[in-house]
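Build the full structure now, drawing on both the sequences and the hints.
As a plain string of letters, each chain reads:
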Amino acid sequence: MSWETFLSAFQGVEAALHSTPQMVFARLGLILLGFLLIYLGKKGVLEAMLMIPMGLGMAVINASVMLFDPLGLHGGLGTLFLEAQAGAGPDNVKNAADLMYIMGIDWLQPIYSFTFSNGLIACFVFMGIGALLDVGFVMARPFLSITLALFAELGTIFTLPLAQLFGYTAKQAAAISVVGGADGPMVLFTSLRLAPELFVPIAVVAYLYLGLAYGGYPYLIKFMVPGKKLQGMPMPADKNAKQFTSGQKMTFAVVACVILCFLLPVAAPLLFCLFLGIVIRESGIKQFQQLLDGPILYGSTMFLGLTLGILCEANTILDPKVLPLLLLGMTSLLLSGIGGLIGGYVCYFFTKGKVNPVIGIAGVSCVPTTAKVAQKIVTKANPSTIIMQYALGANVMGVITTAIIAGVFCSILK
Amino acid sequence: MESMNGITISFFTLIITVIISYFIACVIKVMVVLLHKFSKPEAPVVETQSAVEVSSDESKIAAVIAIAKSQK
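From first to last, the protein sequence lines are chains A and B. Per our numbering, the very first residue in the first sequence carries number 1; after that it's consecutive. Per our numbering, the very first residue in the second sequence carries number 1001; after that it's consecutive.
In short, the hints are calculated from the structure, not lab data. Computed from a predicted model, the values in this text were never measured in an experiment. For each residue, glycine too, the CB sits at the ideal point set by N, CA and C. Treat the hints with caution; some may be incorrect.
As the list claims (entries may be wrong) - Quick list of the computed label-pair ranges, beta carbon to beta carbon:
#1 B:Met1004 - A:Pro320: 24 to 32 Å
#2 B:Leu1034 - A:Leu326: 43 to 51 Å
#3 A:Gly247 - B:Lys1029: 13 to 21 Å
#4 B:Thr1008 - A:Pro324: 51 to 59 Å
#5 B:Cys1026 - A:Phe349: 18 to 26 Å
#6 A:Leu165 - B:Lys1029: 36 to 44 Å
#7 A:Gly29 - B:Ile1019: 40 to 48 Å
#8 B:Met1004 - A:His74: 31 to 39 Å
#9 B:Thr1008 - A:Met100: 41 to 49 Å
#10 B:Ile1015 - A:Tyr298: 36 to 44 Å
#11 A:Ile111 - B:Val1030: 39 to 47 Å
#12 B:Lys1029 - A:Ile285: 24 to 32 Å
Stated by the list, open to error - The calculated BS3-like cross-link candidates involving lysine-lysine, where the alpha carbons are at most 27 Å apart (straight line), are:
#13 B:Lys1029 - A:Lys354
#14 A:Lys354 - A:Lys380
#15 A:Lys376 - A:Lys228
#16 B:Lys1029 - A:Lys352
#17 A:Lys321 - A:Lys414
#18 A:Lys222 - A:Lys352
Right, here's the structure in full:
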């Protein structure tokens, strides 16, 4: 038996021997990063629902590389999980047989092609998020919520020119800057529209950092809002705040959905899905609500995390075009967090100390993570202070402002 | 528009976003006034659990959301 025959029994080892040392170390690094994400997800430092499937996917995909490259895209190496570039060039699909071959090339290929690369999974997640949102918080304080949400778009606005300095085109830079909106489905949607060639790395970077935001934003809050007294500052009960009926919330959602879709038809699919979730929640159709905020939301989130992890193969991550994305994504989210807290301070000074500046972080539209982060910090500083209703208002409005920005980008850069 | 530089695109986007956002806020305000004026009183709906379960302190956060809603 020859050495090659013996090696072919251990295809992982064989693939490692066929790879450059840099690639082997990169794969090892990504496997370790996958382990770390699983550990931090389990510990609650990062979003467990996203990080555990993503970490496992990342570790496994980099361990499962073998001599398999039927489309000749990766120098003879590949996996049996997913081929993100399958069908990327029109030459790859000449007839129905080619299409069927590509669709069934790997086990996750149909999920990627039919839900991921067309934005359907983003729409599903938005339906689920909509079913969890209580628009009553926005209706009670629309101007406070919108002001905080607008300040929290600082990262989105500043990252665009910054990304152009790194050599990205205006469309690519806009797609990258939407990471600052901290809204995963919106990032998927915008990158598919504006920069499909960067869709995979932008999506991976965005979700990686969105997970990290859960662990990182508390430190930013503690740095920018020093002192337990200010952090735990109680907000006076809003005497004007009204209790809204489900019918009123539903009427608002229907009208807002139609107006926003009229103003921004490019973002209409996502806006529609978000408001569909809200309308179903308020309609009282429990069966539909349970479908959206249960199987659809959690099923989509699990496959989203898993697919993103699977996409974190060393070949994709080590692309020279991707490395600046790591820096730009982090800058964008950091600036948005800073902007949100500046917004919190602006509202604090304008209302003469009635607004706790910590709620500014909730303007970053990572629903409901940033609202929970704000409440967590406030509760630690002063257990009797409740700011959740204000934070959720800013959070919901954050989703809407990110959708508006994404719609404007898609409209003016078409 | 793609030939414009990033700063111009960002500025333009910011202006449009601010206008649309505050327009939406105004629409909400008007709607709230109209809804309260013209809608019949309705028994408040018992809200469903609205938190995504992700961390160990989930029950505390859920309790806070419930208290927050009751304070509105």
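Structure-based check of each hint:
In this structure the supplied range 24 to 32 Å holds for B:Met1004 paired with A:Pro320, their Cβ-Cβ distance being about 26 Å. As the Cβ distance of B:Leu1034 to A:Leu326 is approximately 48 Å, the hint placing it in 43 to 51 Å holds. For the pair A:Gly247 and B:Lys1029, the beta carbons lie near 18 Å from each other, so the given range of 13 to 21 Å is met. Taking 51 to 59 Å as the suggested C-beta distance range, the pair B:Thr1008 and A:Pro324 does not conform, at roughly 22 Å.
Between B:Cys1026 and A:Phe349 the C-beta distance comes to about 23 Å, which sits within the given range of 18 to 26 Å. Roughly 40 Å separates the CB atoms of A:Leu165 and B:Lys1029, a value that falls within the hinted 36 to 44 Å. For the pair A:Gly29 and B:Ile1019, the beta carbons lie near 46 Å from each other, so the given range of 40 to 48 Å is met. A hinted range of 31 to 39 Å holds for the C-beta pair B:Met1004 and A:His74, which are about 37 Å apart.
A beta carbon spacing of about 47 Å between B:Thr1008 and A:Met100 agrees with the range 41 to 49 Å that was offered as a hint. Between B:Ile1015 and A:Tyr298 the C-beta distance comes to about 39 Å, which sits within the given range of 36 to 44 Å. For the pair A:Ile111 and B:Val1030, the beta carbons lie near 44 Å from each other, so the given range of 39 to 47 Å is met. In this structure the hint that B:Lys1029 and A:Ile285 lie 24 to 32 Å apart at CB holds, the actual value being about 29 Å.
Restraint check: the Cα-Cα separation between B:Lys1029 and A:Lys354 comes to about 21 Å, which is no more than 27 Å; the hinted pair holds. Distance check on the hinted pair: A:Lys354 and A:Lys380 sit about 19 Å apart at the alpha-carbon level, within 27 Å; holds. Distance check on the hinted pair: A:Lys376 and A:Lys228 sit about 12 Å apart at the alpha-carbon level, within 27 Å; holds. This hinted pair checks out: B:Lys1029 and A:Lys352 have alpha carbons roughly 23 Å apart, not beyond 27 Å.
Our distance criterion of 27 Å between C-alpha atoms is met by A:Lys321 and A:Lys414, whose separation comes to about 22 Å. With a C-alpha separation of about 21 Å, the suggested pairing of A:Lys222 with A:Lys352 holds against the 27 Å cut-off.
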